[in-house]
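Visitor: Below, each chain spelled out in residue letters.
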Amino acid sequence: MSAVQETVTEAPAIDAVPKRAMTLGTGTSLVMLALLILVPLFVKNFIIFQLTMLLIYGLAVLALNILTGGSGQFSLGQSAFYAVGAYTSAILMEHAGVNYALTLPVAGVVCFGFGFLFGQPALRLSGVYLALATFALATAMPQLLKLGVFETWTGGVQGLVVTKPDAPFGLPMSQDMWLYYFTLVITVAIYIFSVNLLRSRSGRAFMAIRDNEIAASAMGIDVALYKTLAFGVSAGITGVAGGLGAIAVQFVAPDGYTITLAISLFLGMVVGGVGWLPGSIVGSAFIIFVPNIAEGISKGLSGAVFGVLLFLVIFLVPHGARQVATVAQQLLGKLKKS
Amino acid sequence: MELFTNQVLAGVATGAIYACMALAVVMIYQAIDHLNFAQGEMAMFSTFISWQLMQWGVPYWAAFVLTLGISFAGGIAIERLLFKPLAKAPILTNVAGFIALFAIINSVAGLIWDFTIKQYPTPFGSSPFLGSQLISTHQAGMIGVTVLLLIALYIFFQFTRIGLAMRAAASLPESARLVGINTSWMIALGWGMAAAIGSIAGMLIAPVVFLEPNMMGGVLIYGFAAAVLGGLTSPFGAVIGGFLVGIVENLAGTYIPGVGNELKLPIALALIITVLVVKPAGLFGRPIVRRV
Amino acid sequence: MTAMLNIRDLNAYYGQVQALHGLEFALNEGSVTTLLGANGAGKTTTLRAICNMVRTTGAIEFDGAPLSGRSTENIVRLGIAHVPQGRGTFTTMTVEENLQLGAITRSDRAAVVTDIERMYEHFPVLKQRHAQQAGTLSGGEQQMLAVARALMLRPRLMLLDEPSFGLAPLIVRDLFKILGKINRDEKVTILVVEQNAQLALELADQAYVIETGRIVMSGSAAEIANNEDVRKSYLGY
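If you're matching them up, the sequences are chains E, F and X in order.
Counted the way our numbering counts, the first sequence spans residues 213 to 550.
Counted the way our numbering counts, the second sequence spans residues 21 to 312.
Counted the way our numbering counts, the third sequence spans residues 2 to 238.
Treat the hints as calculated values from the structure; they're not laboratory data.
One or more hints might be untrue.
[Unchecked claim] Which stretches of chain E does chain F cover? Using the computed rule of at least three CB atoms under 8 Å from a CB of chain F, they are:
(1) 335 to 341
(2) 347 to 353
(3) 410 to 421
(4) 478 to 489
(5) 527 to 540
[As the list claims (entries may be wrong)] Okay, derived cross-link-like pairs now, DSBU-like style, lysine-lysine, Cα gap no bigger than 35 Å in a straight line:
(6) K299(F) <-> K511(E)
(7) K511(E) <-> K284(F)
(8) K299(F) <-> K128(X)
(9) K108(F) <-> K549(E)
(10) K511(E) <-> K104(F)
(11) K104(F) <-> K546(E)
(12) K138(F) <-> K511(E)
(13) K233(X) <-> K182(X)
(14) K108(F) <-> K546(E)
[To be verified] Reference excerpt, derived from the structure (chain F facing chain E, CB under 7 Å, subset only):
(15) S127
(16) A190
(17) L283
Ideal Cβ placement from N, Cα and C applies to all residues, glycine included.
If we strip away everything but chain E, and leave its shape as in the complex, we get (with noise of 0.2 Å):
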C-alpha cells in the first residue's frame, strides 16, 4: 500500500490529544501530586501500604508505557524484571546487609542490563512473536527461581523475608507512612525522568520507531540500539520497582511473580491508556482494586465479574483514561468558552 493510500485509508478518529502528548497538563498534576501527599496522613496503616503498592504497580506499568505505548514493542514479560528487581533487593538486603535505599539502584541497573540484553534478539521479533517470546521469560523466571543451584541466594521455593526499614533519624512515622514517602519520591523522580526522556531525542526515535519502523531507520535512527534501550530503561524501572515491592510486601517468593502479574500489568496500560503515561496510576488502581471488588460482588464467580468489569472499561473506554482524560479537556475547553 503506498503511503498516500495509507492517509487516505486512516480517517483519524477523533484524538485531541496527539500521540505525543504523553503527559497531563501543569495543573492537574500539581493537583494529583498535592493528594498523594496529603492522603496518607489521615488514613490507617494498611490503606497507606495499598498506597504505597499502587504507586509500585503505577511504576511498573508506566515502564511497560514506555515500552509498548512509546516504542510500540509488545512485552508479556515484564513480571520476569519485576522478580529480578526484587530478589536483588531482598538478597542485598537479607546476606549482604545493605542499606534498603542502597539495592534499589543496584536493582534498576541489573534490571536494566538484563532488559538490553533481553532486547537483542528480541530485535528480530515484532506482534505476536515478541508476545510470545515475552511470555516465555515470564513463565520460566518463577521456574529458574526455584531451581535447586540458586537455593543458597533466593531461598528456594519459601523465598526470602526482607526486612522493613524503620523512618531514618528517628522521624516519628510508621514503618508503613515511611516506606510510602519514600516510594513517592522514587515514583515522582522516576516519572519526571520518563516524561523528559519521551520528550527528548530518545523518546522521538522510540516514537518514530513505534509508528513506522521502516520510515524510522531510513532517517537514520539506530533502530537496533533504540529498541533495547526501550527494553533497558523500562526493565530497569520495573526493577525499581520490583525493590520497593520486596521492601513493602516483606518477602519474595517465587510464586509472587507469576505470568499472572505480566498479564495484570498489560491490563493496567491498557485500561491507563496505552502510552499516556498520567495513566499508568489508574491503570494501577484498576489491577490492584477492581478483583477486590469482583470478589466482593461474588466469591464463586470472582474471575467471572473481573472479566465483565473489564469489558465494561474497555467498550465504555476503549482508549483507556487518557479517553477520560480527554474528553474532560474538551468539556472544559467547552465550557471556558462559554
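Since the structure of chain E is provided, determine the placement of chains F and X on it from the hints.
Guide: Below, chains F and X alone, put in the same frame as chain E:
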C-alpha cells in the same frame, strides 16, 4: 538410540494434542489477524458441554456433533456481542478483551462444574495401537482426526468460494469489501469455525489430560507456539509445528539435565523462538513482502 | 440519456476535516467521464464517497436509488466496481484467485469461468502468469489485474482511481486503449480519476476538474482539453 526413538514417538503422540489446538489457533488468526487468548477456555467449555450432554444420556457421537454445532454458534455469538463493538478499538484493547473472556469462561466453568477432575471418554479406546507400547489407540485416533481436519480445512480454504472469501477478507479487508464481500460476517464465521475446531481439540485432549477448568492452560500455549513455529498462515505448518513441539518438549525433558516438568515449557518456547529468530515467518509461513 | 449516477451537494469528511464541498455532477450511462485534479484535490475522496468508505452528507443516486446508508459491499453488489488507488491487489493470492474474487458475489458459475477466459483475452500477460502470486507481478501487470478483477463483477459502472500511477507511459497508453474498448464493447460506464490529464481527456467523453474539494469546471472532454487554464495547469502548454 532406542530411548531417542521412543521419546520422539511419544512426542509425536502428545504433539497431536498441540497440533489440534494449533489448527484452531491458525483458524482464528486467518480470520482476525491476531491470536485469541481465550481460545483454550472456549475449547474447555465446549468439552464440558459435551460431557454434560453425555451425563444426561446422550450417546458419544451425538454429543460430539451437537457440541460442534453449539460451539460454532457460540463462537459467532461471542464475536457479534463482545468483539464486533471492539472492531474499531486498538489491538491492545482487543487483547484485553480476550483476557477478560478468558477470566469469564474459566470462572463460569468452575462454578458450574467445579474444579475436581473428571474422566472423559474416548471413542477410540485406550489399548496399545498396533501392539506398540508408545502409542495408544486413542492417540492414534487423535492423530487421525487432526489429519482429517487439516485436509478438510485445506479443501475449504483452497477450493470453496467461502474459503476464498475468508482468505481475502483476512488479507485485505478493504479490497475484499470492494469485491462485495461482507468482511464483518467473515470474521464472525472465522470465530465460529475456530470455536468448532477448538471444541474438537478439547474433546480429543480431555481423555488424556482429564477434564477440569484449567486443563487447557498449558495446551493453549503449546498450541500458540506450534502455530507460530509452523507459520501462522499455514494450517499444514500448524500440524507439523504441533508434532515438533511435542517432540521437542519430550526430548528437552529427557536429555537436558535439571529440566523437570516446570522448565519444559519455557525451554520449548525458547527453542521455538530461536527458530523464529532465524526464520521469522515460521517454518511454512509465507514471508510477507512489505512494499514501502 | 439517463443519468446513471447522480451526485448532489456531496460533502465528505475525514474526522473533523472537510474534504469535499457541495459536489455536484452526473454520469450518463455508457459514457466515459474523467475527474481531473492535482494531488489532494479530492479525487480519491470522491470515489470513496460513492462507495461509502468515508463519512458523507448529501445525495448519491445510482439508477435513481440512493446509495447512502448502504455498506460498501452492498454498493458493490449493485454493480459498481471500484479499482482503488494502489490497486488493492490480493498479493498473497494467485492471479486467477484474484479474478475469482472479482466474481465472488455472482451465482452464475459457468459464466464466471468464461469471463475469466475473456479477461485472459483482453490481458494475455495475465494468462501467462495465472498461477503466480499476484504480489510478484509488475506494477503495470497488477494494474491490468485490478481492472480485470473489477470487470469480473460484470459491473455497470467502473470507478478507477489513478490507474496510470507509477506506470510507464507506453503501458498507460495500452491500458487506456483497453479501457476504451471495454467501454464500447461491454457497455461499461466508466469514471476515471486521473492526474495524467492528457490521456484521460483523450479517452473520456465528459470531464470535470476538481480543486480543493470543489468542482471548478465541467464540460465535454474536448472543451476541457481546449480550455486555456486547463492547458496551462494540467496539460503543460
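Visitor: Now look at each hint and say whether the structure bears it out.
Guide: Each hint, compared with the structure:
With 4 residues bearing a CB less than 8 Å from a CB of chain F, the segment 335 to 341 of chain E meets the requirement of three and the coverage assertion stands. Only residues whose beta carbon comes within less than 8 Å of a beta carbon in chain F count, and the segment 347 to 353 of chain E has 5; three or more means the coverage holds. Closer than 8 Å: that is the beta-carbon criterion, and the segment 410 to 421 of chain E has 0 residues meeting it against chain F, so the requirement of 3 is violated. Only when three residues or more bring their CB closer than 8 Å to a CB of chain F does the claim for the segment 478 to 489 of chain E stand; here the count is 6, and the claim holds.
Figure legend: the segment 527 to 540 of chain E, annotated as covered by chain F; annotation consistent (4 residues with Cβ-Cβ distances under 8 Å, at least 3 required). The suggested pairing of K299(F) with K511(E) is violated, with an alpha-carbon distance near 46 Å, which exceeds 35 Å. Restraint check: the Cα-Cα separation between K511(E) and K284(F) comes to about 33 Å, which is no more than 35 Å; the hinted pair holds. Note on K299(F) and K128(X): the hinted pairing holds, with a Cα-Cα distance of about 33 Å set against a maximum of 35 Å.
The hinted pair formed by K108(F) and K549(E) meets the criterion: a straight-line CA distance of about 31 Å does not exceed 35 Å. Our distance criterion of 35 Å between C-alpha atoms is met by K511(E) and K104(F), whose separation comes to about 30 Å. For a cut-off of 35 Å, the pair hint linking K104(F) to K546(E) stands: about 32 Å separates their Cα positions. Between K138(F) and K511(E), the direct Cα distance comes to roughly 23 Å. Compliance with the 35 Å bound is thereby established for this hinted pair.
Between K233(X) and K182(X), the direct Cα distance comes to roughly 30 Å. Compliance with the 35 Å bound is thereby established for this hinted pair. For the given pair, K108(F) sits about 27 Å from K546(E) by alpha-carbon distance, which is consistent with the 35 Å threshold. At a threshold of 7 Å, the smallest CB-CB gap from S127(F) to chain E is about 3 Å, leaving the interface hint in force. For the restraint placing A190(F) at the interface with chain E, the shortest Cβ-Cβ distance is roughly 14 Å, beyond the 7 Å limit, so the hint is violated.
Below 7 Å, beta-carbon pairs count as interface contacts, and L283(F) has one with chain E at about 5 Å; its hint therefore holds.
Checked against the numbered hints given earlier, this structure breaks hints 3, 6, 16; the rest are met.
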